[in-house]
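Novice: Chain residues, written in single-letter form:
Protein chains: 2
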Amino acid sequence: MKRVLLLGEALIDFLSDDYSESLSQVQSFIRHAGGSPANITANLLNLGEEAILITRIGDDPFGDYLRETFKERGIDTTYVQVDREKNTSMVFVAKSKGNPKFLPFRSADYCIEKPTDMARLLKKTHFFHISAWSISHHPSRKTVFSIMDDIEGTNTKLCFDPNFRRILWEKDEDPMQTIKEVLKNTYLCKPSDDDAFHIFGRMHNEEYIEAFHQLGVQNVILTMGKDGALVSDGKRIQHQKTVSQVVVDTTGAGDGFWSGVYCGLLNHQDIFTAAKWGSAVAAFRLRTIGSDLPLPSMEVIKSEFLM
Amino acid sequence: MKRVLLLGEALIDFLSDDYSESLSQVQSFIRHAGGSPANITANLLNLGEEAILITRIGDDPFGDYLRETFKERGIDTTYVQVDREKNTSMVFVAKSKGNPKFLPFRSADYCIEKPTDMARLLKKTHFFHISAWSISHHPSRKTVFSIMDDIEGTNTKLCFDPNFRRILWEKDEDPMQTIKEVLKNTYLCKPSDDDAFHIFGRMHNEEYIEAFHQLGVQNVILTMGKDGALVSDGKRIQHQKTVSQVVVDTTGAGDGFWSGVYCGLLNHQDIFTAAKWGSAVAAFRLRTIGSDLPLPSMEVIKSEFLM
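Chains as they are written, first to last, in our numbering: chain R, 15 to 321; chain E, 15 to 321.
Treat the hints with care, since some could be wrong.
Repeated chains share a single entry, so a pair holds when one copy, or any two copies, can fit it.
Dumping the calculated DSS-like pairs for lysine-lysine here, alpha-carbon to alpha-carbon at most 30 Å [as the list claims (entries may be wrong)]:
| id | residue 1 | residue 2 |
| --- | --- | --- |
| 1 | Lys156 | Lys171 |
| 2 | Lys138 | Lys85 |
| 3 | Lys85 | Lys156 |
| 4 | Lys100 | Lys128 |
| 5 | Lys137 | Lys240 |
| 6 | Lys290 | Lys128 |
| 7 | Lys16 | Lys85 |
What the hints contain is simulated information worked out from the structure, not anything from laboratory work. Source: prediction; values computed, not measured.
Can you make the complete structure from the sequences, with help from the hints?
Specialist: As structure tokens, then:
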């Protein structure tokens with residue numbers, strides 16, 4: 015069976031109890047297991063695909079909670095590294111009707127080390143997924159670049175979630191230097207229009223697609239919320255309408271999209287059809303509160319949203 | 015007017031909504047402005063004394079909240095340093111009927127720098143108060159030791175809150191080396207029996223008093239919860255019963271005790287009477303939920319608890 019290998023942040027999301035435009039006003043926070051690569055891993059397992067997560071947590075109560083959550087979700091914890099010095103990473107989020115304000119406290123998540131049995135791990139790996147978080151700091155960045163070297167010239171394809179935010183990087187560093195290095199080796203990149211804005215500044219959506227291709231990305235899916243998605247394989251751009259009708263909670267929709275896309279690609283669909291599968295899983299997430307509820311099978315999701 | 019100068023942690027306390035024996039089980043946290051030196055400063059201002067706080071917060075929403083809280087409590091923010099790199103320190107606490115579990119995430123608080131106008135600041139300073147947190151890490155430790163040099167041979171007396179917990183120090187360091195260096199210059203030390211246990215291990219309470227004196231402390235007040243306090247000036251030990259009758263919430267009682275003691279000393283009471291004033295302020299705090307409610311005047315508190 016082919017698998018997706020995911021490397022990146024697992025962390026505690028502290029989500030404000032109430033809507034607020036500023037984190038300095040929030041009085042009460044609810045704890046959630048978060049981190050996009052961890053969520054996509056759980057999703058893929060729900061969808062019946064093989065997925066392995068490489069991440070790093072702290073040797074503390076929040077790390078204990080994450081590991082328990084992984085087990086409940088069926089995630090293999092073999093590659094969940096425990097850092098003896100660093101704490102589990104956290105993000106505080108103020109729920110908002112607009113763009114939610116977030117404040118990261120990163121620690122263990124950017125210290126991911128390369129597993130010793132990488133060659134064996136990569137053998138069955140079809141897609142190697144990384145988030146922008148994993149390349150924002152060493153030593154995790156070094157780990158990613160080393161694995162990028164490993165997969166060069168093999169059948170394993172690099173997929174990059176460009177969920178870039180300047181605040182995650184050192185103040186005196188130029189993030190674009192690193193991001194460009196990754197993009198030129200990227201098989202698939204799935205930015206939201208907001209991600210693309212944070213990377214390239216204000217441009218037309220088609221120009222974002224072009225910008226990613228020019229930097230070497232083979233396939234680009236630009237998600238645009240209620241305006242659907244632009245899907246491009248470098249030869250043609252297809253505009254796909256959203257299949258979502260009801261939006262209750264946007265949390266986890268992007269991770270759902272990734273999961274559906276991988277499910278499509280692993281099942282021999284082209285990038286255009288895979289994007290539709292992604293849109294369907296996102297629509298499923300949008301309809302319910304809670305990004306950590308188990309997903310039904312892809313067949314069920316497709317029958318609801320793609321028929 | 016004589017003043018107390020306090021140096022140490024200001025931080026966000028995330029207190030569990032419900033009682034729990036493990037932080038890994040807590041789902042909801044309420045934010046509070048915390049940090050013992052900050053609380054004692056606010057208490058002293060309530061009691062009509064002059065107090066100045068030297069602390070350090072992050073340039074983030076939690077730091078903004080702390081600064082706003084300081085202003086509301088009348089604390090002069092001149093010496094509230096803002097770190098551009100480090101985040102505001104945080105502590106997660108699981109409320110417990112026994113010993114509450116706590117998990118610190120320290121950052122800005124141990125980076126306190128020496129104010130440039132230290133000589134001017136010290137001129138009117140009668141007591142220089144530090145917490146164990148401030149000496150657990152450089153650069154804050156270096157700052158404390160430099161100020162200890164400044165006050166040597168002057169009328170400014172060093173008061174040390176030995177709220178020592180091993181988890182606050184680097185794993186490969188011997189905390190006792192630093193603590194001993196501080197204790198030998200200490201005019202007043204106010205350990206709880208729990209603090210003393212964490213420093214010296216299991217001993218009889220009178221032996222704790224002796225141990226502090228042997229290391230150079232001039233006056234020791236050992237608080238023992240419902241068993242009252244042992245007060246020693248090095249010549250005699252007095253056992254003082256608690257004046258507290260109703261215990262609703264223990265949060266802030268220790269800080270209240272310190273505040274009453276300082277109020278007594280600044281008003282020319284000896285250490286035994288000052289300890290009684292401390293016990294009275296602690297009793298006031300124990301009677302109500304919330305350690306950040308304004309205190310009434312010392313006269314009012316004394317009339318309620320010491321008559």
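Novice: Quick one: which hint numbers does this structure break? Sort them smallest to largest.
Specialist: Violated: hints 5, 6.
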